[in-house]
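Listed below, chain by chain, are the residues.
There are 2 protein chains.
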Amino acid sequence: MEYCFGVDIGGTTVKIGLFQTDGRIVDKWEIPTRVENKGEAILPDIAEALKKKMEEKGLDNSQVSGVGIGIPAPVDEEGVVQNTANLGWGYKEVKREMEALIGMSVAAGNDANVAALGEMWLGAGKGQKNMIMVTLGTGVGGGIIVNGQALAGAHGAGGEIGHLCVNPEETECCGCGKKGCLEQYASATGITRLAKKRLAADDKDSALRGKEVNAKEVFDALKAGDDVAEEIVEEFGAYLGHAMANLAVVADPSVIVIGGGVSKAGEILLGYIEKNFKEKAFFANKDTEFVLAKLGNDAGICGAARLILG
Amino acid sequence: MEYCFGVDIGGTTVKIGLFQTDGRIVDKWEIPTRVENKGEAILPDIAEALKKKMEEKGLDNSQVSGVGIGIPAPVDEEGVVQNTANLGWGYKEVKREMEALIGMSVAAGNDANVAALGEMWLGAGKGQKNMIMVTLGTGVGGGIIVNGQALAGAHGAGGEIGHLCVNPEETECCGCGKKGCLEQYASATGITRLAKKRLAADDKDSALRGKEVNAKEVFDALKAGDDVAEEIVEEFGAYLGHAMANLAVVADPSVIVIGGGVSKAGEILLGYIEKNFKEKAFFANKDTEFVLAKLGNDAGICGAARLILG
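Line by line, the protein sequences give chains A and B. Note that our numbering has the first sequence beginning at 446, numbered continuously upward. Note that our numbering has the second sequence beginning at 446, numbered continuously upward.
No wet-lab data here; the hints were simulated from the structure. Certain hints may be false.
To be verified - Here are the simulated DSS-like cross-link-like pairs (lysine-lysine), alpha carbons at most 27 angstroms apart as the crow flies:
id : chain 1 : residue 1 : chain 2 : residue 2
1  : B       : Lys641    : A       : Lys624
2  : A       : Lys624    : B       : Lys723
3  : A       : Lys720    : B       : Lys731
4  : A       : Lys731    : B       : Lys739
5  : A       : Lys574    : B       : Lys574
6  : A       : Lys723    : B       : Lys731
7  : B       : Lys731    : A       : Lys624
My request is simple: use the sequences and hints to build the entire structure.
This is the structure:
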């Protein structure tokens with residue numbers, strides 16, 4: 446077997462990659478995600494796209510190991526989802542349906558877990574077998590790699606790092622209904638929230654005043670030496686460092702990979718997380734390395750391909 | 446292969462079990478742990494005990510799958526320990542040394558992780574593949590089972606549940622040097638500490654006054670309807686429930702097993718943990734079941750035997 450496919454289903458587009466089994470990307474492209482009619486066209490559309498690509502490349506089924514799929518929902522070990530927030534699917538046997546459509550073996554996993562697997566295989570966690578990936582986007586997602594495999598758990602809901610409670614005293618609610626979730630402090634939305642609160646607390650001079658503040662503005666101001674921005678990032682780092690210390694004491698990773706839109710702030714971000722992590726970490730975990738994700742939007746297709754290679 | 450050995454090395458005694466590979470215990474016994482001279486006799490003593498038992502039972506190496514060993518220290522995937530607090534060992538290649546002594550394949554793991562594996566195989570987690578075991582003893586230990594395997598992590602230090610930080614505001618130090626570790630509230634020592642603090646806070650009437658208070662006294666008083674004891678157990682349950690909710694959101698277990706000396710208080714304990722867990726849990730984890738451990742002191746030998754069966 447020389448090839449495999451990695452498929453990353455999102456709410457707007459489906460990203461697809463054709464890989465050699467050694468990890469080289471042969472081709473990658475996107476198709477729209479047609480969520481109408483309960484998303485009934487999504488899997489047939491993907492199957493058609495894969496068949497076309499095989500025809501174009503002159504490949505037959507005997508040369509392809511199979512298809513890995515990342516899905517924005519919990520996925521159990523049979524490749525079944527119970528519900529999805531933004532694909533239109535209710536209960537769906539993704540693995541079985543896709544195998545029937547394509548005539549090859551299929552593996553499915555949660556998109557955040559799959560992205561972590563991608564970074565382990567071809568990105569910032571290359572060569573590691575125990576890794577945590579945290580994705581700081583609109584929300585906070587994540588994946589935990591244990592001995593080379595993504596921790597999926599009993600319901601495929603493992604690795605929901607964004608809903609670790611890091612502040613039992615919080616009074617505002619997270620989108621999930623709990624209070625004090627990491628996502629309330631470390632997502633792009635969370636950083637904006639911290640910034641607004643800090644700015645409202647007094648009238649200390651800051652470049653952040655007088656505009657619609659967001660996470661990027663905060664990091665830009667930090668880089669320009671703004672004291673208030675530094676206080677905000679310090680608070681962000683305290684919560685995230687605390688959460689990572691608690692995660693490390695149970696998962697004992699060799700490396701923690703930070704990805705997602707917020708991580709575009711660059712290396713400066715890592716210092717604020719790492720400083721707080723080291724203060725809170727159990728002695729066995731003090732040397733855990735922090736690195737930025739490398740694969741960007743390709744992490745999903747890479748990890749999906751890795752999933753089918755086992 | 447019909448048989449295997451499970452060995453649980455403690456600071457005072459080594460527990461040994463001869464198992465059929467289907468999980469039946471054929472025989473179990475103990476030998477002293479000779480920690481003098483850097484513990485150099487420990488592995489040879491075990492090898493001799495195993496050989497004697499095989500002779501007694503008329504077994505030869507072809508009938509035995511191997512030897513699993515649980516060790517009170519982090520153990521890496523090569524079966525190497527860097528240091529032990531109470532066996533006298535420094536760096537020791539346990540797997541390699543024991544294989545040379547016994548002429549069979551050997552697997553080694555951390556004792557708490559191995560005990561969790563035992564409860565999954567033959568005890569309270571039977572039939573489960575994703576499980577957390579918490580051992581409430583003098584300290585708080587634990588093991589996390591992911592897809593049927595113990596989470597060992599990069600340094601064999603995975604599953605150190607007792608050192609999850611559950612109270613960032615704590616001012617007293619845990620034995621590990623951090624502040625606010627679960628162990629400071631949920632171990633036998635921790636419960637005693639909570640009790641002393643509560644009793645000192647005011648002079649509300651309680652059966653716990655005027656004696657040397659300990660965890661057992663607290664639970665006995667609770668069962669007798671003592672209000673102050675209930676407040677103490679409520680606080681214990683709040684911290685433990687909070688920690689389990691944070692663990693569940695990342696490990697997504699189907700069941701959480703509570704063991705160790707403190708769990709001898711019985712079923713009444715589970716209610717206080719579960720109530721607080723449900724309040725704090727992520728929606729996908731609300732149905733996680735809480736059960737008492739079943740194997741008691743045999744969990745270690747059972748899990749060690751399971752370890753060698755892969």
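Pair hint outcome, Lys731 (chain A) versus Lys739 (chain B) [Cα-Cα no greater than 27 angstroms]: violated, 35 angstroms
Restraint check for Lys720 (chain A) with Lys731 (chain B), where alpha carbons must lie at most 27 angstroms apart: violated, 34 angstroms
Agreement of Lys731 (chain B) and Lys624 (chain A) with the hint, judged by alpha carbon distance not exceeding 27 angstroms: At roughly 15 angstroms apart (the allowed maximum being 27 angstroms), Lys624 (chain A) and Lys731 (chain B) satisfy the hint.
27 angstroms limit on alpha-carbon distance, applied to hinted pair Lys641 (chain B) and Lys624 (chain A): violated, 30 angstroms
Restraint status (C-alpha distance of Lys723 (chain A) to Lys731 (chain B) at most 27 angstroms): Measuring from Cα to Cα gives roughly 32 angstroms; hence the hint is violated.
Restraint check for Lys624 (chain A) with Lys723 (chain B), where alpha carbons must lie at most 27 angstroms apart: Judged against 27 angstroms, a Cα distance of about 13 angstroms means the pair holds.
27 angstroms Cα cutoff - pair Lys574 (chain A), Lys574 (chain B): holds, 20 angstroms
This entry does not satisfy hints 1, 3, 4 and 6, going by the numbered hints stated previously.
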